[in-house]
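Peer 1: From the two separate chains plus the hints, produce the assembled complex.
Residues per chain, in single letters:
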Amino acid sequence: MADNGEGKNEEADYKRLHTFPLIRHTDMPEEMRVEAMELCVTACEKYATNNESAAKMIKETMDKKFGSSWHVVIGEGFGFEITHEVKNLLYMFFGGNLAVCVWKCS
Amino acid sequence: ELKEEFTRVLTTNNPHVPKNLIRYSFKEQAYEPVSHVDHMAIHFSLNGNMIAKDSDEGRRQGVKISTAAGSFQKFSHLCASEEGKRCLVLSRRSHCCIFLQGAGGEEAEESGEVEVSEAAEAEEPPPPEEKEKKLPNQFNFIERASRTHNNPMRDAACQSESAPHKNFSDCANQWHIYEAYVEEVKRIEKAKEKEKARPQTAKKEEKKEEKKITLTTVESQGDVMSKISKLAKIMERMVTQNAFDDIADDFKYFEDASDEFRNQRGTLLPLWNFQYDKTKKLAVTAISWNPKYKDLFAVGYGSYDFMKQGQGMLLLFTLKNPSFPEYVFSSESGIMCLDFHNDYPYLIAVGFYDGNVAIYSLKKGTSQPSYTSSGSSGKHSEPVWQVKWQNNDMCNNLNFFSVSSDGRIVSWTLIKNELAHTDIIKLSVEATTVQWPEGLQLQTFGCGTSFDFHKKIDSLFLIGTEEGKIYKCSKLYSSQFLDVFEAHHMAVDSVSWNPYHLKVFISCSSDWTVKIWDHTIKTPMFVYDLSCAVGDVVWSPYSSTVFAAVTTDGKAHVFDLSINKYEALCTQLVVTKKKNKTTHIQFNPVYPVVIIGDERGHVISLKLSPNLRKMPK
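These protein sequence lines map, in sequence, to chains A and B.
Using this note's numbering, you'd call the opening residue of the first sequence number 6 and step up by one each time.
Using this note's numbering, you'd call the opening residue of the second sequence number 2 and step up by one each time.
There are no misleading hints in this set.
Some chain B residues judged to face chain A by a derived CB distance under 7 angstroms, without partners named:
hint, residue
1, PRO165
2, LYS167
3, ASN168
4, PHE169
5, SER170
6, CYS172
7, GLN175
8, ILE178
9, GLU185
Keep in mind the hints are simulated off the structure, nothing from the lab.
Note that CB positions come from ideal geometry on N, CA and C, so glycine has one too.
Chain B on its own, in the form it takes in the complex (with noise of 0.2 angstroms):
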């Protein structure tokens, strides 16, 4: 009996409710059993005295709160004296709320506006504070955000074209149809009368309207053609641009900066390389910038192989577009020099291998020089080697002088559209009269390779040869020179004055050696070996002392006189293929950028280190 198990369960169910209820209700007029009762009791209440700190009341106080902060410490004596009691609150918010409502400290604990943040002992009021502070517990706490940068949205809607409509109205009854066809059954047989009665005629107009259409069209093809002309070539130097943007950039900016730690040697950065495809087996035999278009230069094609003569080309290229270039001219025979006009820089004077020479004006869309000598006109019987403008004559014309092989220096005039010329000089050797069985005196010329004019003195002028003399000439005396300089041991490449020191002029050789010569002076006062052929020289045009030169092995070397006598500053191979020999060089006249012309009709063009630039003071 004591192992019976008796369950108790504990319910929530209060025991004295009644459960079974039974109210009258109005509404149905019957007595209703109540359903529900409740069975909560409630054991204690306290009405709780706690304002909303956001509520209207709460801010109030608030606001009382901090004006009342400075009498704070009196008040709170006051308090505890008062009430010697314990205080309820702890902040000091709840101090001066009591002495706000009255001096007596009885009110203290019925003011329903005390803010209590705990039951707490009583505490030394905490001490005062200009601000409240907020206290960091778990019920009040800091909040800290912060939000991304979102772009602002717009919308962007839109809407197309709607296909362009049209009304259309008729009516399609029987006579309608039958009237259509009678009228084009008529129609087709007038036609056909027509066609039998007048065939041809008719053929013929026909004809005259096709041509007429298909003339309209050629012409607007015209007019649409040069507009598209124009914009492609924009389109052409645009993608150029891009396409070569760091040689650009670097063209433009780049600075070589090691050259501080070179010791005044300097480099040549290589910036673009112009070539075309039918030049690819000719080699450059003269590059000459063009005096208007800072950025225009002429290249001259041509063999300088005696077996290996093919024709020549005249392209014209800018920087501003490496991949094609502006102008094309082609001609039988190779060019060996050109020279823009100072004036008129669209005419070239140009010297080509079989002793002819030529005018081209780059105005006239032509690829044919605009005049040019021939045999009758008095060519040169072997390659010209030179030609130079000069300023126009008395009559105003064009003028220009042409150098050969054949000893003659010839003076060219263009008038009235056609090409005059007349012997200056003629190159003899001396001593080398030969006497002919018939009492004829024949004198042997010598070959001149190369001329340069003085930059002041219009008449003065040096020429080059072959068998290494530089004469010094005068074009008012034509049988005699002023002066031989005893310059090379093989022919002389180039001569060039220097612009700036009116005495000095420069010479190159195919004897390895480069000597500059103050041309009162007859032994030269600075003799260059490099070890190799020079194919050219030329002077610099912002310096009086700085030159380049190039050699057939390929490189190109800088030099300047005032820091360096006898070393050269840059000796940069500038070709990358071995057997390519570098033939021309010339320097821009206002960037610091060199082109090198070479044999397998690529031109190189590289910009000088700012060593190489330096300028004298």
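Just chain A, with the same shape it has in the complex (with noise of 0.2 angstroms):
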């Protein structure tokens, strides 16, 4: 009973809490960074079913901003090692259970 009030309370928390931004790991400059994540959660929110969808339109938007060649992965359960230029990566958690990761690389 205990448990399931805490389990009750932990899911409302869960869903309430845990859906902002979270900004895992990055080495982008400020502004770029605030627009990328600003970026991806609009993507995300728009597309929230389609994440091949919300992938694109942040790659694209990207491209045009800050020069070719951006990478996005968007996904639920992935592992990735990859090479990025410094000062280009992003890689942060949105909405509880999505993971989203973009990187540039020529």
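Peer 2: Here it is in structure tokens:
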């Protein structure tokens, strides 16, 4: 019973609190970071059901703004090893269960 | 019937050739018609006997021919007699070949190695020649070619550095995400608690950190600035040198060649023009060259106008950078005179319009004088017209003299960072002691306007006054003058000892004259009337007979007594605007350059033409 209560609380918390965008690792400069993060949030919210379209939107916008050859991975369970240009990596969580990794490598 | 036309066609077909030949072909094992039959009929063939000159055989023969050239003639006769027939060949070569192949003439015609140029009649063999001569006809022609020089090509390639790359790896699982969020939430809550608990101390720490950061950035900027200023200075010099490139060339190399035709007269070639924004309303009151750095000179700015007294400036320019002064000092009162110290070229003594004197040190960064006199320390009550450094006194203190319209010659000594004054002489006008009602005797003082110290005899000096008299004085006698010269009718603007002739001095005055004196003789040796008030006169450092004067109508006059005793060698209008008066002139100790200052704050440098620079023998 206590467990159930706690479980419910946690669930509620989880849904409420764990949806904010949480940057896990980045080495971008401040402005770039803010822009990229907001872009990711927008894309994920827009294409909540379709990761591919969200990734496509992010990648194209980043290419236009910051130069060519950006790569975007959105998913709920994946491991990765990438080579990225210095100061062009963003790895963040969003929505409680989505992980977004954006990096530039020409 | 006769009118019928018959057409006959000429073809190249051979009528004797069978049209339908059949042959057995073993390949097909059958009889086959031969499709094509040759229609060609050969009527005549002749084997030729020409060989190419460049082929092996041809070259071999060429060698043989040249070796046999010596004994050519003999054998030509042989050939002629033996053959008794037409020779087919013309060239000498062929004759030699005939010889070579044998005594018998019958082989001549058969020789397959004879070169035939043309089937032609027999001719006398051409005269022997040492070398082969190329016959220029339509088969032999001489080629000539040339080729322009092409610059050699070079490959150059470069590759830009690729942007730095780094590897990154991570795992994005649901539990990772969950844990990350939980941590983040905890952290935020902790931060909120901390803020509530200690709001103030946190803020203070932040501020301190900020200050530290700003301090360090400022310091590093300071270092950067000093380095940049050095570089910027070099850049500035380069830019001005490029901008005034032709003037720099003139300064160094231009010698006016027309001086030879000018009959001993000379000219002054204008070089750079030095000016500064803030001194545009001030007049140049003093110019002096630095004794150590021959291209650095100091200009004092003030105003000669009694009514319009404003601030003064002291600028130091260098010939290397005519666009901006190296040092700028400003003062409250107009500067009237200045002097560089001979041993310490960074010390400048300055006299002001308000009677003060000051010493500026170029080593210190401030634009304020290092030492200055004040009302209590015995400043003059009238403008100081001239200052001059003296040798260090007994206690090795710096020492300079000043002369002023209040009639006092004062010696200033720098003792322990303060200026102490000593009155040397008071210029009293003779026979003008006035009796005041209370029994006081009041002496009126003459006004000193200029002075100069003898180059060798340190204690002997001359004072020029506003009344037009020149007093010869000694530092050792403070109350009496050694001698008085009734020099001019108006104020003596400048006196100067001749640097080479120790007895001679020159004086100029607003009464339009320049006079040259021997100090043992009461009357002047030479008098020059320049038809305008003379602002300044100065001896040249390179010749004992050359001196220059500037008049208030803007002209500079250069005299050379060894060449022309009565006239100036050069009279030239130096300033462009009409109402501009030239105030001072100075010779550069090393270069053949004079600088002239005027009332508008401009300093013009001029180069002396060769006629003006003749050194005495």
